[in-house]
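Trainee: Given the coordinates of chain A, assemble chain B onto it according to the supplied hints.
Listed here are the chains, written in short residue letters.
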Amino acid sequence: MVTQETTANAGARQSARKQRSMSGTGGRTAALFLTPFFAVFTLAMVAPVVYSIVLSFFAQQKSGLGFGEAKTSFVGLENYLQVLQSESFVGGIGRLALYCLIYIPCMMGGALAFALLLDAGVARARKLFQLLVFLPHAVPGVIAALIWAYLYTPGVSPIVSVLESGGISLNFLDNHMILPSIVNISVWEWTGYNVIILFTALQAVSREVLEAARVDGAGEIRAAISIKLPLILPALSVIMLFTVIGTLQLFTEPSIIGKATASVTSTWVPNMWAYDAAFNRHNLNQAAAASIIIALLAAVLSWAVTRFSSRMNKA
Amino acid sequence: MSTSTMPRQHATPPQTTASERRNAKRSRRFTGTFTVNALLVIGCAYMVLPVLWLFIASTKNTADLYGTGAYAFGQPAFLDNVAAVLGQDGGVFLRWMANSMFYAAFGAVFGGLISVMAGYAFDKFQFRGKDSFFGVVLVGVLIPNTATVLPMYLLASVFGITNTVWAILIPVLCNPFGVYLARVYSAAYVPGETLEAARVDGAGPIRSFFSLGLPMMMPGYVTIALFQFVGVWNNFMLPLVMLQDQKLLPVSVGISIWQGYSVPQPEFTPMVITGSLLSIVPLLLAFVMLQRFWKSGLSAGSVK
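Chains A and B are the protein sequences, given in the same order.
Under this note's numbering, the letters of the first sequence match residues 1 to 315, in that order.
Under this note's numbering, the letters of the second sequence match residues 1001 to 1304, in that order.
Mixed in with the good hints, there may be bad ones.
Chain B stretches covered by chain A per the calculated footprint, using a threshold of three residues with CB under 8 Å from any CB of chain A [as the list claims (entries may be wrong)]:
| id | stretch |
| --- | --- |
| 1 | 1138-1148 |
| 2 | 1248-1258 |
| 3 | 1270-1283 |
| 4 | 1287-1299 |
Non-contacting residues of chain A with respect to chain B, defined by C-beta distances greater than 10 Å in every case (computed) [what the hints assert, rightly or not]:
| id | residue |
| --- | --- |
| 5 | Thr72 |
| 6 | Tyr99 |
| 7 | Ile104 |
| 8 | Glu211 |
| 9 | Val215 |
| 10 | His282 |
FYI, nobody ran anything at the bench for these hints, they're computed from the structure.
Just so it is clear, CB atoms sit at the ideal spot from N, CA and C, and this is done for glycine as well.
Isolated chain A, as found in the complex (with noise of 0.2 Å):
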């Protein structure tokens, strides 16, 4: 895919020169347009990942006894083979996995039900509800993850005071329950914005339709199940493609969080088992690879997403 991305780019560009060279207002005051925003994105995204496709082919090696200069030299697949082979890097796939299990049907599932909630003639105040619904997303990633890191710890914790209180012990921060409590953050952060994208395709059902329906002697509920959400599956198609890539680029929270537990460890999902190659054991080659992994990652799995809500949405 990124391989693919670079030669489109690189055809891309080219027939763009082509288009400069013809006489004709479309074709030259297009590139004049799209010239900035290509640049950019040639420096922050083509150019980076280009690079880091060919470091991931070489290694530094010292020599025997790890005296003597460091050489570079070309390794082929081999980085990739240990990104793979590591123990860690497979658990914070695993890991990963796990959590993308939990959180996407808790989130997806609360938004879509606030929103059906919020849609229902009865709801009142909507104005403010939509509001208070999307103020964590105006708190950023790392701040949420802070209170909530607050909202953990016992003795600071009204939830771990109240269960103690109601004669249940449970340590947020320990080994079981850290992937469920990263979990509620997440959700927590994302369920509000997709509330109101849910929200606002509700409001775009026609009116006719629901008012025939409840002169058939539909009900609310009824309504919200056979008509409704029907009608609003391409918005969630979309919903749920952003979400998959979303969770994939977990990195913020778990580091937060790891600062106050040992729950977390420093390669605990992917995004930070490359930073830690990067940054702690300086094997710059193979947190290269372990990005390009997670980058190949992603680009299937959203292929898989769109294949599939191309299907629903057809069915």
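Mentor: Chain B only, in chain A's frame:
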């Protein structure tokens, strides 16, 4: 509420009249109204309480933070906390806030403009290879940001621009999703006839963009800029990787450093909390004041 009307219905004699059926319907409606709004309130409480906790916690000193109820007030220490935040390390917090403001505003204004120009071109001009160009933009949308951060760092170190503002300012100009949004906005807000009329009157494409297209797309520009502002303000991994100099850090990374201090030294905790609160105030204000824009941005983003 609903329970007070229900028993009366059961008490009435079994002869069902039209008015009674209406009553039953109304009471069911009442129950529905109550349930729906109660669920909405519960959902909002989940969203709001953590932020409210931050507000209350920022008014406490270390002892009260650990000693009083989470939603109870202790000795009023808010001003002391603010003074501690602003005074720490010679006022570095304000520097971090100013840096965040600068990076985010730069990305919003210029990155937004670059995206708007590109989206406008995709919508209004005809040129060869348009679809493959736009395909490249969409690929950019789908690549997770964090996957490109390390590659950017690796490349930036070749050019020796790590630990300089350029390592932040160049990436924040790149916003493929903004291009996608801008194309939607251009199609919705800028009628082709207006541009045609301008061309007949002799205005060049650049002039008609700045005097007609851009003003018409202004709501879209504000929306794209708002999202870019928030995105840059919230960005954590990019500055964490790129910057070492404390004076260049944005507030997100700065606060996380303080949090690191607060683990062995709990007396840092009120500062972390109060600093966190101060750092989200600009965003909260922007969101409350610009409600119209983020709502339109979210709806435009989900249409095909």
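Trainee: Taking the hints in turn, state whether each one holds.
Mentor: Do the hints match the structure? See the list:
1. Under the rule that three or more residues need a Cβ within less than 8 Å of chain A, the assignment of the stretch 1138-1148 of chain B holds, with 9 such residues.
2. Coverage of a stretch by a chain is defined here by at least three residues with a beta carbon nearer than 8 Å to that chain's beta carbons; for the stretch 1248-1258 of chain B and chain A the count is 4, and the condition holds.
3. Counting residues of the stretch 1270-1283 of chain B whose beta carbon lies closer than 8 Å to any beta carbon of chain A gives 6, which reaches the threshold of three, so the coverage claim holds.
4. Here the stretch 1287-1299 of chain B counts 7 residues with a CB under 8 Å from a CB of chain A, which clears the bar of 3, and the coverage holds.
5. Every C-beta of chain B lies more than 10 Å from that of Thr72 (chain A), the closest at about 14 Å, which supports listing it as non-interface.
6. Separation of Tyr99 (chain A) from chain B is adequate, the least Cβ-Cβ distance of about 14 Å exceeding the 10 Å criterion.
7. A cut-off of 10 Å between C-beta atoms confirms that Ile104 (chain A) is not in contact with chain B; the least separation is 15 Å.
8. Every C-beta of chain B lies more than 10 Å from that of Glu211 (chain A), the closest at about 16 Å, which supports listing it as non-interface.
9. With 10 Å as the threshold on Cβ separation, the claim that Val215 (chain A) sits away from chain B holds: the shortest Cβ distance comes to roughly 15 Å.
10. With a closest Cβ-Cβ approach of about 12 Å to chain B, His282 (chain A) is found to remain outside the 10 Å limit, as its non-interface label requires.
Checked against the numbered hints above, the structure breaks none of them.
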